[in-house]
Amino acid sequence: MDFSYSYLVLVLPLITFLFLGLMGTRLSRKTAGVIGTAMMGVAAVIAYSVALEYFFGADQGQIVDGIRQQIIAWDLTWLEFTENLVIKVGFLLDPISAMMLIVITTVSFLVHLYSLGYMQDHEHKYEKGLQRYYAFLSLFTLSMLGLVVAPNIFQMYIFWELVGVSSYLLIGFYYTLPAAVSASKKAFIVTRFADLGFLIGILLLSFYTQTFDFITLTSNPTAAIATAGGATFMGCSVMAWALTLIFMGGAGKSAMFPLHIWLPDAMEGPTPVSALIHAATMVVAGVFLVARLFPLYCLEEGTMTVITVIGAFTAFYAAAVACVQSDIKRVLAFSTISQIAFMITSLGVARPELHEGVGYMASMFHLFTHAMFKALLFLCAGAIIHAVHSNEMSAMGGLRKYMPICNIAFLIGCLAIAGIPPFAGFFSKDEILVAAFEQNTFWGIWMMLVAGMTAFYMFRLYYKIFWWNNPDYGHHTPHDAPMTMSLPLIILSLVSIVAGLIPFGEFVSWNRADYHIHLNMTVAVSSVAVAVVAILLATKLYLKENSAPAKMANAFKGLWTAAYHRFYMDELYQFITHKIIFERVSRPLAWFDRQIVDGSLNGLANIANSASYAIRKLQSGSIQSYVYVYLIGALLLAAVTVICLI
Amino acid sequence: MDLTLLMYLIPSLIMFCCGVYGFITRKNMIAILISLELMLNAVDINFVVFNRFLFPGEMEGMFFSLFAIAIAAAETALVIAIIINVFRMAKNIDIRELTKMKF
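If you read the sequences in order, they're chains A and B.
Residue numbering for the first sequence follows numbering that gives the first Met the number 0, starting at 0 and increasing by one per position.
Residue numbering for the second sequence follows numbering that gives the first Met the number 0, starting at 0 and increasing by one per position.
Think of the hints as simulated: they come from the structure by calculation, not from any bench.
Errors might be hidden in some of the hints.
What the hints assert, rightly or not - Across the chosen pairs, the derived CB separations fall in these ranges:
(1) A:I622 x B:C16: 16 to 22 Å
(2) A:I606 x B:I79: 44 to 50 Å
(3) A:S611 x B:T98: 18 to 24 Å
(4) A:R593 x B:R87: 48 to 54 Å
(5) A:S611 x B:T24: 40 to 46 Å
(6) A:S611 x B:A30: 30 to 36 Å
(7) B:A30 x A:T640: 28 to 34 Å
Idealized CB from N, CA, C, for every residue including glycine.
All chains, full assembly: derive it from the sequences and hints.
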């Protein structure tokens, strides 16, 4: 069988979106949720069958000479401008897109299921029209799937923007809450700004290579790079610029420093949305983009260095901020930024010649495992918020007694992200560290340090929620979530435990050949040791309520405050946009526009206006005055005639 | 005493000037109509008089004034009808108040 039925994966969410979007208000909250979830379940089953058929199916030409082939399941010409400029819509199956199909549909389905519980009996006071929520979730799933299966960069760009739109809609779902509205605008504007770079990058790239097609671009990257013919701009080759600009788009979606500011604020959206979009799927779009164009990237050494430096710095920065945040969703948001940065760094340090391109495989592996355990952590956070009605850690503590399922699930998530064997995160993070050490010992040590910080802040979060103290919850005792919410937690916990054991390298590698993961014992042992030390430190500080953390915060007051305020990045943006761009640039321009451009035209209009006002009396409509004037005129003419004749 | 041309023309001129004055200054539409008729009659007199004094054998001037009188009668009927309708609509026939169709 071929893969032509794969169009269903895209069509089903589209139908759901249209149906719920148009008809949603006529359905009850529950029906809309069930329809959305059921349709997503069907789409997930189809996506699984496509992906499994691709990976394991009888040979349909998927594997030739041990290399997994890139298969175009279907390709429709959409717009044909000229012979070269053809925009197509299609479905590209290759290891990473098949893997993403699984990740997206799994997380999306579980989030749909979880939302049935979370959104239904947690009627938010700012909520209006729950039916919209499922419509938007379907739209998001559609756009994310369209993005990953795009066989050309243009289709990817279209779905890329759609992802941005649906993210905007979902962050601002509680649109009567001002914070949610401004967060959604912030997310949209920041990612849109980054997409400006992406668009320019696409234009440059396709202008020189004369194609949008990924397969054409990546199957012969050297030729593609060479098409620029050594054209340079500001000392760098045009191709390096194009790829860096494309990476800028990816950095915006993936919340890389300095375009990360939207992600923490995006937590204003409903928690399942945070799990789906801002932890597991959308934010890895940037990683996916770089991976998709990896053969091109790895020929541009400069761009790779930029990617590595940005990734490594972001990983450290976000981890440092996460260590002091007090809102649990903020901690998870910064941990997401940090983990995405791990993947980006891993791509940045990946070289085909280094250890068979381990960085690429590690990045995709981490993407996969991270999606699972981060979705798990976010869904747990949702259950906790659901139970205690607060995002602040200070309102929690000692929850292990009240919420046993959530406790275990969260602990599994923390162990996975901290990189403790045999949980999923250990294997993928270990490969990333191996890749970093292969490239440069400095990056290896750096990333290992960040991995240690990850373990520390995750366990700080865990202890603060589930141990620390025993506040009096009054008669409003927290309890474990209902089954629709607990089931996704259990499934994701199981996945987080075993996902690392998948021989991922056999499925995904930079040249799509078989790659055997072999643990580098030195790196593995040292990274586990660092993680364990960090966890012990967190245990020492946060297991029981004590004053040591507060003392430490006081001892390093400046540093602590700076980190708590995210090193004033938002304030910096505020300063740059308001004080410099708005005040110094926009305001003079607006003045020029209003006073000079509009003013001159308004002046002309005013002259015409006052002139007509002045001569208005001539056309009074009063016949008597016309006759009067006529009479005087006639008499004058008569007088003139008489005088002339005499 | 023989009647000269001028003895006809001067009353006619006075009539015409009265008509013009009345047309310009009056506010009442009926008064304006009367002024209009006054002017018309002054002109009729001129036609008849010029015909009589300058071309005694011809009749065109006479006929022309007959036509003008007939048309003036019809016109008067029409204008009175308009005035009545205006009055019904606006309860007023002051020409300065009737600005409804202006602009």
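We went through each hint and held it up to the structure:
1. A:I622 x B:C16: 16 to 22 Å: This hint holds: roughly 18 Å between Cβ atoms.
2. A:I606 x B:I79: 44 to 50 Å: 47 Å, holds
3. A:S611 x B:T98: 18 to 24 Å: 19 Å, holds
4. A:R593 x B:R87: 48 to 54 Å: 53 Å, holds
5. A:S611 x B:T24: 40 to 46 Å: Distance hint for S611 of chain A, T24 of chain B is violated at roughly 29 Å.
6. A:S611 x B:A30: 30 to 36 Å: 34 Å, holds
7. B:A30 x A:T640: 28 to 34 Å: 32 Å Cβ-Cβ, so the 28 to 34 Å window holds.
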